[in-house]
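Participant: Chain residues, written in single-letter form:
Protein chains: 2
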Amino acid sequence: NMQLAQNSRGEVGLVPEDYIEVSYIVSVDVKTPTPSLGNVAASDLSFFDAYAPASTPAQNQVMHSCNAGSVSLLQATNGNDPWSAWNADSSGGSTNNWASNPEGTQTGKSAPDPWPPVSHGHPQAYQGPGAEDDEWDDEWDDMKSTGGYAESEAGESGALQRGGSHATSMKISLNKFPGFSKSGPELYLLCKQLVKGKDRLPIYMGEVGPVWSYPETQLDCVVADPKKGSKMYGLKSYIEYQVTPSTTNRPVNHRYKHFDWLYERLLEKFGSAIPIPSLPDKQVTGRFEEEFIKMRMERLQGWMTRMCRHPVISSSEVFQLFVTYKDEKDWKMGKRKAEKDETVGVMVFSTMEPEAPDLDLIEVEQKCEQFSRFTKSMDDGVKEILTVGHEHWKRCTGPLPKEYQRIGKAFQNLSSVFTSSGYQGESALTDAMTAAGKTYEEIAQLVAEQPRKDLHHVMETNNEYKGLLGCFPDTIGVHKAAIDKVKEGDKLVAASKITQQDKVTMAKRASTMSYALQAEMNHFHSNRIYDYNRVMQLYLEEQVKFYETIAEKLRQAHSQFTTM
Amino acid sequence: NMQLAQNSRGEVGLVPEDYIEVSYIVSVDVKTPTPSLGNVAASDLSFFDAYAPASTPAQNQVMHSCNAGSVSLLQATNGNDPWSAWNADSSGGSTNNWASNPEGTQTGKSAPDPWPPVSHGHPQAYQGPGAEDDEWDDEWDDMKSTGGYAESEAGESGALQRGGSHATSMKISLNKFPGFSKSGPELYLLCKQLVKGKDRLPIYMGEVGPVWSYPETQLDCVVADPKKGSKMYGLKSYIEYQVTPSTTNRPVNHRYKHFDWLYERLLEKFGSAIPIPSLPDKQVTGRFEEEFIKMRMERLQGWMTRMCRHPVISSSEVFQLFVTYKDEKDWKMGKRKAEKDETVGVMVFSTMEPEAPDLDLIEVEQKCEQFSRFTKSMDDGVKEILTVGHEHWKRCTGPLPKEYQRIGKAFQNLSSVFTSSGYQGESALTDAMTAAGKTYEEIAQLVAEQPRKDLHHVMETNNEYKGLLGCFPDTIGVHKAAIDKVKEGDKLVAASKITQQDKVTMAKRASTMSYALQAEMNHFHSNRIYDYNRVMQLYLEEQVKFYETIAEKLRQAHSQFTTM
Chain Y
11 NMQLAQNSRG EVGLVPEDYI EVSYIVSVDV KTPTPSLGNV AASDLSFFDA YAPASTPAQN
71 QVMHSCNAGS VSLLQATNGN DPWSAWNADS SGGSTNNWAS NPEGTQTGKS APDPWPPVSH
131 GHPQAYQGPG AEDDEWDDEW DDMKSTGGYA ESEAGESGAL QRGGSHATSM KISLNKFPGF
191 SKSGPELYLL CKQLVKGKDR LPIYMGEVGP VWSYPETQLD CVVADPKKGS KMYGLKSYIE
251 YQVTPSTTNR PVNHRYKHFD WLYERLLEKF GSAIPIPSLP DKQVTGRFEE EFIKMRMERL
311 QGWMTRMCRH PVISSSEVFQ LFVTYKDEKD WKMGKRKAEK DETVGVMVFS TMEPEAPDLD
371 LIEVEQKCEQ FSRFTKSMDD GVKEILTVGH EHWKRCTGPL PKEYQRIGKA FQNLSSVFTS
431 SGYQGESALT DAMTAAGKTY EEIAQLVAEQ PRKDLHHVME TNNEYKGLLG CFPDTIGVHK
491 AAIDKVKEGD KLVAASKITQ QDKVTMAKRA STMSYALQAE MNHFHSNRIY DYNRVMQLYL
551 EEQVKFYETI AEKLRQAHSQ FTTM
Chain W
11 NMQLAQNSRG EVGLVPEDYI EVSYIVSVDV KTPTPSLGNV AASDLSFFDA YAPASTPAQN
71 QVMHSCNAGS VSLLQATNGN DPWSAWNADS SGGSTNNWAS NPEGTQTGKS APDPWPPVSH
131 GHPQAYQGPG AEDDEWDDEW DDMKSTGGYA ESEAGESGAL QRGGSHATSM KISLNKFPGF
191 SKSGPELYLL CKQLVKGKDR LPIYMGEVGP VWSYPETQLD CVVADPKKGS KMYGLKSYIE
251 YQVTPSTTNR PVNHRYKHFD WLYERLLEKF GSAIPIPSLP DKQVTGRFEE EFIKMRMERL
311 QGWMTRMCRH PVISSSEVFQ LFVTYKDEKD WKMGKRKAEK DETVGVMVFS TMEPEAPDLD
371 LIEVEQKCEQ FSRFTKSMDD GVKEILTVGH EHWKRCTGPL PKEYQRIGKA FQNLSSVFTS
431 SGYQGESALT DAMTAAGKTY EEIAQLVAEQ PRKDLHHVME TNNEYKGLLG CFPDTIGVHK
491 AAIDKVKEGD KLVAASKITQ QDKVTMAKRA STMSYALQAE MNHFHSNRIY DYNRVMQLYL
551 EEQVKFYETI AEKLRQAHSQ FTTM
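In order, the protein sequence lines correspond to chains Y and W. Per our numbering, the very first residue in the first sequence carries number 11; after that it's consecutive. Per our numbering, the very first residue in the second sequence carries number 11; after that it's consecutive.
Simulated from the structure, these hints should not be mistaken for lab results. Just so you know, even glycine gets a beta-carbon here, dropped at the ideal spot from N, CA and C. Check each hint, because a few of them may be wrong.
To be verified - One-sided and incomplete, this derived list gives chain W residues near chain Y with beta-carbon spacing under 7 Å:
1) E394
2) N423
3) N543
Working from the sequences, and respecting the hints, build out all of it.
Facilitator: Structure below.
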């Protein structure tokens with residue numbers, strides 16, 4: 011098998027697959043206590059504050075410029091326990107799996123839970139000069155799909171694994187980003203001049219508090235009709251999905267890697283303010299298997315639906331391009347434009363305009379901690395459901411139906427023994443016993459099939475939420491860092507690091523960030539209530555049907571026995 | 011704890027419990043191929059036939075007398091595989107557990123399946139001279155009760171364990187029967203003069219073939235009202251059950267040991283012709299625990315019901331004594347008389363009078379082999395149900411409800427996280443999710459309790475049948491031995507071992523034995539059809555209720571979610 015590859019000098023060519031060594035850069039060493047996200051930001055500001063802990067050289071590569079371009083927030087994120095910033099505040103009783111999870115120390119391919127998505131490189135950089143981007147294909151990522159829950163790793167992995175595998179993909183391994191840049195919220199907080207433009211994102215005061223501006227009709231997209239395509243004279247083949255937005259009702263075609271490109275753009279642009287859930291797993295093996303394609307399509311649909319539901323994302327230029335591009339040329343031009351967008355990372359807050367009075371720092375801090383506590387608790391709750399659901403799935407598809415089958419077989423075997431008795435008037439009993447035995451075999455079938463009908467949805471929804479919740483530590487980390495910055499305001503003024511005006515601007519901008527966080531939390535809550543209501547209803551409805559079907563089958567089996 | 015014990019010289023006295031060593035005599039060594047019951051009988055007749063294999067001295071202790079008194083058929087039974095006589099004929103496909111069961115080689119207390127009930131001693135002999143029999147108490151047997159199925163040994167044990175433990179009980183260990191006697195069917199076949207008396211047992215030709223004479227109204231007994239009694243100034247306490255027969259409606263009291271005495275009498279008298287199922291386990295530990303007493307009573311009730319249903323047993327003098335004795339004196343006199351009954355063992359066939367023409371040997375042999383095959387197959391089928399049921403019981407009372415409980419807790423936990431969101435309009439969802447969680451906890455409870463309501467009856471019935479079927483190899487072995495004897499007729503006549511008239515008598519008596527076997531098989535079949543019909547109906551009825559209850563609970567849980 012030949013693969014398109016690029017060497018460290020940027021030269022591209024076909025090389026045997028075996029020659030390619032995919033390496034992962036995981037820069038976190040959790041064996042020593044690692045500073046929390048908030049602390050990292052603080053150390054980034056060590057030139058402001060002599061009391062800050064000494065920072066490592068790598069942590070000091072801060073680009074203090076308003077026009078830093080595509081600086082990914084995620085690079086500032088650090089390691090093992092994204093919730094550690096709020097550990098002291100986290101709701102008592104719930105254990106923090108992540109803090110004590112030694113898996114985080116692993117590097118390389120086999121790391122089961124490469125969380126969080128560290129070291130996202132500069133996305134523009136991974137297209138070699140002149141290299142047709144279409145040629146960077148899915149095959150680069152050799153993470154295996156988890157498929158159903160029964161086969162997936164234990165609760166800890168799941169959605170985060172998807173996000174994680176994504177983050178540690180080939181793009182990094184090619185090592186084309188010599189200077190990883192990172193930034194804290196100061197980029198926005200202390201920016202001299204904010205970009206004003208059409209991208210204005212208003213935040214209103216609604217009944218529940220700050221809310222985004224919602225469109226009158228919600229965009230909806232259908233992902234359907236997966237088709238196999240090929241190029242390079244059949245050497246490379248791929249699956250193309252049809253995406254049809256409710257606005258134009260005109261389908262556009264997208265490969266998984268296009269979704270991935272969109273994800274990267276959204277993460278880069280909105281990730282500081284809005285949790286952007288990861289896409290479903292990449293995978294090479296069995297990538298064209300019907301079951302896998304169906305599952306991926308279902309998950310891409312879920313992802314698109316969630317994106318469509320978000321007023322900020324669905325109305326963004328890049329998202330609109332994705333769902334409504336007119337032709338190849340339109341798509342290519344749009345892509346290039348999106349990749350050149352400079353209002354990314356924390357700078358997205360510069361486009362947000364809350365229509366409400368500024369909040370004081372105490373209120374900002376309280377909100378931030380409240381959301382952190384909640385998302386942490388919910389993350390625990392969701393993981394518990396996934397773990398329990400995973401166990402239940404295994405039992406329902408493994409030992410339980412096997413047992414019902416054995417019960418059915420035992421009844422039928424005894425029935426056929428009875429048939430051999432030679433005693434007259436045996437058949438009424440043996441017919442009924444055989445029927446009862448067959449009924450238990452049918453029940454075995456029902457039991458084994460049921461999880462795909464109900465538990466599946468509970469698992470998918472919670473998996474989605476696990477992915478979403480996994481984004482919050484970053485989002486909240488940015489806010490926490492901003493708060494720390496504002497708190498240092500007086501000290502910085504006294505040391506003549508910033509002006510009094512800078513300090514006032516910082517506080518005002520932290521207030522804007524807080525409004526954005528509140529709007530996002532309110533969006534999250536209303537979606538959460540809708541999603542859980544829906545999935546619980548669906549689950550219970552199917553469960554009722556399941557038990558009723560079994561009862562009815564048994565009632566029929568019972569009626570075959572003669573009353574005496 | 012002091013115990014009444016008797017030493018080898020027959021002296022009785024109170025000794026510390028720890029001093030008593032209960033030893034078991036298991037004389038079978040299955041490491042070397044053991045002769046089947048049929049062969050044993052053949053070797054017992056080695057003085058008739060020079061071609062017979064050399065027999066061990068113990069096997070030669072044949073008492074060739076018509077009035078041998080209480081000679082237990084069971085002593086002739088031998089070890090490991092009671093079905094081996096028909097192995098070649100046994101239905102293909104079903105594995106013969108017993109033939110390859112190495113457990114049979116074990117001796118001592120821990121032998122898990124002491125089958126068959128070997129070496130039943132002479133029942134009269136175990137009452138020391140002058141020793142009040144009431145003082146030989148249950149405590150002598152230290153076999154533990156199996157209680158529910160969940161705690162019992164794997165499928166192999168169960169009912170046979172009861173019978174087995176019974177057989178290897180203290181009575182043997184005291185070693186008071188220096189000369190174990192044993193006999194084959196020749197005792198009856200060649201007996202010069204048959205006892206004629208009121209005990210005449212007619213066999214009629216019914217629709218299904220030979221049948222016992224059934225009474226117009228069937229005797230029924232209620233075992234109820236267990237009461238704790240004590241004697242020896244409170245040193246010894248016991249449980250007394252009230253037995254009320256439907257004929258007199260006058261309750262009589264019996265301790266477990268009285269049931270045991272009755273069992274011994276019935277086994278001794280009818281065991282060659284009628285399978286007498288063992289009583290439920292004896293046990294010392296926790297013997298007064300409510301649950302145990304309830305279970306034992308239920309099983310004694312089951313045993314009594316089965317005995318009542320049998321026309322030969324229920325009308326026998328000893329059984330009538332047991333259920334209708336008038337006072338202590340009546341009981342004691344009746345006991346003594348029963349123990350002196352000489353028409354026991356194979357001699358019971360001498361009281362049977364088939365009202366049909368004699369059968370030829372081929373027909374006798376065919377019937378015998380048919381019943382052997384059937385009982386062997388059914389034994390396999392019943393054991394399969396017990397094994398599967400045991401597994402199912404464990405799952406339903408162990409991991410399954412635990413899982414439902416965890417599902418319930420996970421829903422409730424997530425619900426309480428949601429409650430902490432601070433978002434308005436949360437309560438509709440959280441109330442519903444809490445209710446759903448509680449519903450799954452209730453389901454956990456239902457699942458755990460269900461086996462006692464339905465599977466319990468399936469297990470009890472099959473356990474009873476396992477016990478019954480375990481008696482057939484002996485019964486059938488006697489017939490097989492008789493057939494072998496008749497086959498040797500010409501040879502024996504030629505060798506002047508028997509007369510021509512003896513040969514004719516033997517054939518006629520073998521025919522009588524065959525009628526008895528057929529009557530018993532027809533009784534067995536009709537009871538079996540009734541029992542399995544009943545227990546399957548009961549099981550399915552409860553299963554329907556179970557699934558309907560769950561469906562209804564889930565329907566209620568579902569209705570609490572708001573429709574959107």
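Participant: Hint by hint, where does the structure go against what was stated? Just the numbers, ascending.
Facilitator: As far as the earlier hints go, not one is violated by this structure.
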